[in-house]
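Residue numbering for the sequence shown follows our numbering, starting at 944 and increasing by one per position.
Check each hint, because a few of them may be wrong.
As the list claims (entries may be wrong) - In the DMTMM-like style, the derived pairs of lysine to aspartate or glutamate whose C-alpha atoms are separated by at most 25 angstroms in a straight line are:
no.	residue 1	residue 2
1	K1066	E1099
2	K1117	E1099
3	K1063	D1108
4	K1066	D1108
If you are wondering where the hints come from, they were derived from the structure by calculation, not from laboratory data.
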Amino acid sequence: MGYKFMTAAFVLLNLSLPALTQGTGTQFITGPCASDADCASGCCGFNSGKCAGAIIALTRDGGCGFGDATPNGNAAAALRGQSPSPIAVSVSATAAPAATVAATPAPAPAATGGNGAGNKAGKQFITGPCTSDADCANGCCGFNTGKCAGAIVAQERDGGCGFGDASPNDNAAKALTGQKNKRLAVREMV
């Protein structure tokens, strides 16, 4: 029990320290990122500059570490209970500042401009920023948060859909339930 606990604590500490010192670590999978520290998963796809699941990034995106000189598998190693390679960490630490400055401006606008808030393209993923329901792939921009949300969940937790409108709506929830002109009744959680 002690060995597993210490290993888990070591892994969590190694994953959280870079997030605390370099990025916010709150970006959801498929969101734009400049480094692994930006992503909640701890992995910024090396080729795409989008947050990714660590194991998937190894098979589809050349690994993690966008903005670094070389890709890494640190997040995948942590998931497997292995310690990250010290060589990859030291290379990332020395290469990140110079590479991030050069790489950050180009990818970020393209990623947020093509699928992001305000473009009404209907491609923004859940938890991504939005200015109206038309920005979101599921048709619901949380009324209180301005983030794309699941239609039913938004009714319960976000005051409904329709961020940017004068009043919230339940249009996306109606579409999911097959209702067109009926107001969706949401039970209060007691």
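Okay, the hints, checked on the actual structure:
Restraint check: the Cα-Cα separation between K1066 and E1099 comes to about 23 angstroms, which is no more than 25 angstroms; the hinted pair holds. Among the hinted pairs, K1117 with E1099 is consistent with the structure: their alpha-carbon atoms are about 14 angstroms apart, no more than 25 angstroms. Proximity of K1063 to D1108 is assessed by CA-CA distance (about 14 angstroms); at most 25 angstroms being required, the pair is judged to hold. Straight-line distance between C-alpha atoms of K1066 and D1108 comes to about 19 angstroms, which keeps the hinted pair within the 25 angstroms bound.
The structure shown violates none of the earlier numbered hints.
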